[in-house]
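Given next are the chains, with one letter for each unit.
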Amino acid sequence: MEQTMKDETRTIAVTVNGTKRQAEVEPRELLVYFLRDHLGLTGTHVGCDTSQCGACTILLDGRSVKSCTILAVQADGAEITTVEGLAREGALHPVQEGFGEKHGLQCGYCTPGMIMSAVYLLKSNPRPSEEEIRRALEGNLCRCTGYVNIIEAVKWAAAASKK
Amino acid sequence: MFPANFGYVAPRSLQEALELLDKHGEDAKLLAGGHSLIPAMKLRLARPGCLIDLGRLPGLGGARIEGDSLAIGALTVHADVASSELVRRRLPGLAEAASLIGDVQVRNRGTIGGSVAHADPAADFPVILTALNASFVLVSPSGSRAVSAEDFFVDFYTTALAANEVLTEIRVPLPSPGAGTSYAKLPHPASGYVVVSAGALVIRQPSGLCASVRVAIGGLGSVPFRARATEAALQGQQLAPEIIAAAAAKAAEGADPDDDVYAGADYKRHMATVYARKAIEAAASNKR
Ligand SMILES: Cc1cc2nc3c(=O)[nH]c(=O)nc-3n(C[C@H](O)[C@H](O)[C@H](O)COP(=O)(O)OP(=O)(O)OC[C@H]3O[C@@H](n4cnc5c(N)ncnc54)[C@H](O)[C@@H]3O)c2cc1C
Ligand code: FES
Ligand code: FES
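Going down the list, the sequences are from chains A and B.
107 is the number that my numbering gives to position 106 of the first sequence; each next residue is one higher, with no gaps.
310 is the number that my numbering gives to position 246 of the second sequence; each next residue is one higher, with no gaps.
What the hints contain is simulated information worked out from the structure, not anything from laboratory work.
Predicted, not measured: the structure shown is a model, and the values here were computed from it.
Please note that the accuracy of each hint is not assured.
[Unchecked claim] Pairs of lysine-lysine, PhoX-like flavour, derived with a Cα cap of 20 Å:
1. B:K93 <-> B:K106
2. B:K106 <-> B:K87
3. A:K163 <-> A:K103
4. A:K103 <-> A:K21
5. A:K124 <-> A:K163
6. A:K7 <-> B:K314
7. A:K124 <-> A:K156
8. A:K7 <-> B:K342
9. A:K163 <-> B:K314
[Claimed, not checked] Some chain A residues flagged as far from chain B (calculated, every beta-carbon gap over 12 Å):
10. E30
11. V74
12. A92
13. Y121
14. R128
15. S130
In this text, a Cβ means the ideal position worked out from N, Cα and C, and glycines have one as well.
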């Protein structure tokens, strides 16, 4: 059991989008800043300081979480998927395509988080009802779209994935 | 925004966690899901010198039957309480409360033990666990003790947990056959936390009369409020809609809620009667 004192750093190892990464972090480093500043994965956004907006949503060991409310040291040993890890061999993930097809974004600030929450939903529920989509996106705020096209984007992705 | 500097350690056993807590004393804070503590640290409302991360302790997750209780490990995340087959079948009111906390991401990370230990007056678990007469297992270097929900919640963000204790398990007595549990919540439209909520446990006699009932209300004070006048009005009565409505009308008797920017005291008292009725009706009809 390694103890890190105040003002010291600690080595963590995580697998991000399939690649092993190791880094020195202060215990207070939030996971979202580790991804953005250490690893340069700026697709994960920071939209608030109060754990409410969901712009920072990633998958941590397969579960959607708000990476602004997790310490990087808590993720030591974990598998992480960010929005950058969704495309396969140059082809966008159906949810990413759906946001394009259905105009599910305006400024795009909330979009990576919305996409990660939608991906998480479709993993366990490939044919969600509209109500289920709305509930699944409760933790993601959008200040532009009014949500209607976001819901349409997720429906589009669900239909496209069925094929 | 990020927290002030602190030290960090992730013990691998409860024993180690207790030793660390003993060693660091008041300067240390336990970290579970971090979904109350980290936001408070980002706002610098909390500035612990050292975090003891419980996240890697083995054996503190999941629900199992232990004698005539359901035992839930303190580190079980809200989503797992909500989806547990065992919880849904035996204590549907508890699963319902878990499913109404925050949002998907919060439920994937926050733990039942953290919620109980944090004792936010607008939280969900304290209310339903009071209604269900749960008790909490607190472990210290000198042994362990079980404290009932009513003795555990002392005041706003204040519990019976001593500085050297770790909450390891939540124990909920399994209701007898013919009993029902339910939880109903009026969420704040922005934060999603409780404005007013009600948890109910209703035990019916085979004749259909109410053998016993417990009703707890959230949002009326610093800790969950037992609606004793409502309980007394139902005891031994037929569980008919008019009787339930008349009993629920007494749900805020003896409570003294504060006005806040979103809801006034009168409104909260009224909502307590409405949500008590919803919870009791649901508990009286789901005979599990
Ligand atoms: C956006 C958002 C919305 C939310 N909405 C709701 C809501 O609607 N309803 C609701 O009830 N809650 C809500 N919450 C709070 C959430 O449920 C938290 O998960 C919970 O309050 C704390 O659990 P935690 O595991 O995250 O604990 P932490 O934040 O890690 O810890 C909280 C406190 O408990 C102590 N502690 C933790 N575990 C133990 C233990 N085993 N033994 C002793 N002490 C311990 C810690 O030292 C700390 O003081 C919300 C949170 C967020 C961020
Ligand atoms: S940045 Fe994480 S919830 Fe807003
Ligand atoms: S598209 Fe601008 S916040 Fe959602």
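Hints, one by one, checked against the model:
1. Using a Cα cut-off of 20 Å, the hinted pair B:K93 and B:K106 holds, with the two alpha carbons roughly 15 Å apart.
2. A distance of roughly 25 Å separates the Cα atoms of B:K106 and B:K87; the hinted pair therefore is violated under the 20 Å criterion.
3. Between the alpha carbons of A:K163 and A:K103 the distance comes to roughly 17 Å, so the proposed pair stays at or under 20 Å and holds.
4. Pair hint A:K103 plus A:K21 does not hold up; C-alpha atoms about 35 Å apart against a cutoff of 20 Å.
5. Using a Cα cut-off of 20 Å, the hinted pair A:K124 and A:K163 holds, with the two alpha carbons roughly 12 Å apart.
6. Among the hinted pairs, A:K7 with B:K314 is inconsistent with the structure: their alpha-carbon atoms are about 53 Å apart, more than 20 Å.
7. With a C-alpha separation of about 14 Å, the suggested pair A:K124 and A:K156 falls inside the 20 Å cut-off, and the hint holds.
8. Among the hinted pairs, A:K7 with B:K342 is inconsistent with the structure: their alpha-carbon atoms are about 50 Å apart, more than 20 Å.
9. Between A:K163 and B:K314, the direct Cα distance comes to roughly 53 Å. Violation of the 20 Å bound is thereby established for this hinted pair.
10. Once the 12 Å rule is applied to beta carbons, A:E30 is inconsistent with being away from chain B; the minimum gap is 7 Å.
11. Distance check on A:V74: its Cβ comes as close as 5 Å (rounded) to a Cβ of chain B, failing to clear the 12 Å threshold; non-interface status is violated.
12. Non-interface status of A:A92 relative to chain B is upheld: no Cβ of that chain comes within 12 Å, the nearest being about 26 Å off.
13. The Cβ of A:Y121 sits about 7 Å from the closest Cβ of chain B, inside the 12 Å cut-off, so the non-interface label is violated.
14. For A:R128, the requirement that its beta carbon stay farther than 12 Å from each beta carbon of chain B is met, with the minimum near 18 Å.
15. For A:S130, the shortest C-beta to C-beta distance to chain B comes to about 16 Å, beyond the 12 Å cut-off, and the non-interface label holds.
Hint check: violations occur at hints 2, 4, 6, 8, 9, 10, 11 and 13; the rest are consistent with the structure.
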